[in-house]
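From first to last, the protein sequence lines stand for chains A and B.
The opening residue of the first sequence carries number 1 in this note's numbering; numbering runs sequentially from there.
The opening residue of the second sequence carries number 227 in this note's numbering; numbering runs sequentially from there.
Check each hint, because a few of them may be wrong.
[To be verified] Below, computed lysine-lysine pairings styled on PhoX-like, alpha-carbon distance capped at 20 Å:
1) B/424 / B/382
2) A/213 / B/382
3) B/359 / B/424
4) B/375 / A/213
5) B/424 / B/357
6) B/357 / B/328
[To be verified] If the Cβ cut is set under 10 Å, some of the chain B residues that face chain A in the computed set are:
7) 258
8) 265
9) 359
10) 363
11) 364
12) 366
13) 373
14) 378
15) 379
16) 381
17) 382
No wet-lab data here; the hints were simulated from the structure.
For glycine and all other residues, C-beta sits at the position ideal for the given N, C-alpha and C.
Protein chains: 2
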Amino acid sequence: MLNLLLVEDNIDLASGVIDYFSLENIRCDYANNGVSGLNLITENAYQVIILDLGLPQMDGLTLCRNIREQGIDTPVIMLTARDALADKIKGFDAGADDYLVKPFDMDELVVRVRTLSRRRSGQMKSLTIGKLKLNLLDKTVYCDDQLLKLSPTGLKILTLLMSNSPNAVSRNTLIERIWGDASPDSNSLKVHIHHLRKQLDLVQQSELLHTIKGHGFAFRLDQPHE
Amino acid sequence: MLNLLLVEDNIDLASGVIDYFSLENIRCDYANNGVSGLNLITENAYQVIILDLGLPQMDGLTLCRNIREQGIDTPVIMLTARDALADKIKGFDAGADDYLVKPFDMDELVVRVRTLSRRRSGQMKSLTIGKLKLNLLDKTVYCDDQLLKLSPTGLKILTLLMSNSPNAVSRNTLIERIWGDASPDSNSLKVHIHHLRKQLDLVQQSELLHTIKGHGFAFRLDQPHE
DNA sequence: TGCGAAGGTTAAGGTTGGGTTAATATTTTT
DNA sequence: AAAAATATTAACCCAACCTTAACCTTCGCA
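Sequences and hints are given; from them, build the entire structure.
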């Protein structure tokens with residue numbers, strides 16, 4: 001079953017699209033602005049992303065360029081108003097794979113979605129560091145052949161850390177990207193890290209998760225010691 | 227030729243800065259509030275952005291966070307009043323690259339602008355001096371293959387010194403940039419420098435850290451000649 | 001030669017960031 | 001609705017870290 005993301009600030013349009021998709025048996029996540037769209041994209045594996053060009057907080061082109069720079073090559077369909085098209089079309093080397101001028105025909109959109117998803121299906125998306133392999137599509141984490149059991153939050157944290165490896169991720173970044181600005185008691189992160197480490201311990205991989213005091217955490221092979 | 231943006235609500239200060247910049251052959255756009263600043267930023271490519279912390283409509287921190295969320299990584303220098311500094315300094319991971327306490331010396335501002343513009347939009351990921359390599363992203367310092375173990379403050383000091391190399395950094399600058407105005411006993415800096423030297427000694431690199439008597443410290447290869 | 005200023009060294013607390021655990025609350029699944 | 005899985009909170013611990021204070025060294029200069 002297809003799993004899409006729609007990033008669109010017009011709620012009426014969005015709900016129409018989503019309803020139509022559900023009739024076609026297509027799952028569709030939804031974000032009404034660029035920033036939460038970006039968060040969803042980095043934390044989930046979509047087959048196709050549908051982006052409105054004009055978005056609050058972060059416009060579609062910027063968002064698209066942004067995710068491409070992160071190495072995410074999920075197919076992107078850009079939605080744009082007819083009059084905005086002319087001067088924007090050249091910008092499509094930002095990395096969009098297709099575009100559609102509003103107002104568009106729903107069937108047309110579905111066709112393009114299916115085409116794009118077919119084009120890149122079977123493409124493996126995973127992160128591997130040390131013996132640890134995180135599969136972004138099915139959200140599984142293996143060490144050799146052993147499956148780790150992680151909570152949703154634990155998985156998000158691990159995904160963030162692994163996709164930034166070997167760089168450090170600050171506590172603030174982590175909190176912001178996982179909880180938004182409605183951050184809970186700062187202890188929560190500690191506890192999640194602790195749970196994560198316990199799971200990693202089960203497969204003797206917990207030394208991959210390094211604490212950078214005064215900053216945050218990093219996921220990488222080498223040991224910061226002496 | 228450098229092309230900057232200054233966002234500052236105090237018009238007298240702003241015009242002073244702009245005049246001084248023009249003498250230095252630096253172009254500088256100007257906005258007197260956060261919103262028009264944001265508009266200019268999204269529409270133009272600046273080498274450096276100078277932001278006042280307290281702005282009408284949208285304060286500097288918010289603006290900074292906002293543009294970072296849009297994926298704009300133009301270097302930002304934050305201007306702040308001395309008394310506002312202490313409680314704000316921790317918020318600087320909003321994405322500012324540097325800050326300056328008002329009132330500041332114009333030459334100081336020019337130096338920082340030039341430094342930041344040189345290091346290509348914060349894309350500089352590591353600093354290397356002698357055999358020492360400081361990686362800004364993963365917060366590690368290596369000499370050859372040996373990892374140095376530094377405290378958070380030690381790392382900050384080293385970062386400041388290395389990023390200003392081969393220039394000297396004054397004690398006052400060091401203290402101001404690391405502790406804000408809530409500076410501790412002046413001895414603290416001495417002790418931190420001492421710890422730093424001990425760590426550098428472990429890899430025979432302590433002669434990189436030079437004392438400039440009556441001024442501060444410098445991090446560079448050659449000896450400061452008499 | 002002796003004094004003061006600037007910097008360096010050392011060791012003793014005090015503080016705190018991060019870790020741990022367990023109880024409680026929330027959400028999801030059944 | 002009960003049970004199970006997750007998430008959050010609170011209380012506590014500890015080692016690393018920071019600061020302080022007292023003392024030491026060096027150097028310029030009266």
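The hints, checked one at a time:
no.	hint	verdict
1	B/424 / B/382	16 Å, holds
2	A/213 / B/382	12 Å, holds
3	B/359 / B/424	17 Å, holds
4	B/375 / A/213	11 Å, holds
5	B/424 / B/357	16 Å, holds
6	B/357 / B/328	37 Å, violated
7	258	23 Å, violated
8	265	13 Å, violated
9	359	14 Å, violated
10	363	4 Å, holds
11	364	5 Å, holds
12	366	7 Å, holds
13	373	6 Å, holds
14	378	3 Å, holds
15	379	8 Å, holds
16	381	8 Å, holds
17	382	9 Å, holds
Going down the numbered hints, you'll see the structure goes against 6, 7, 8, 9, while the others check out.
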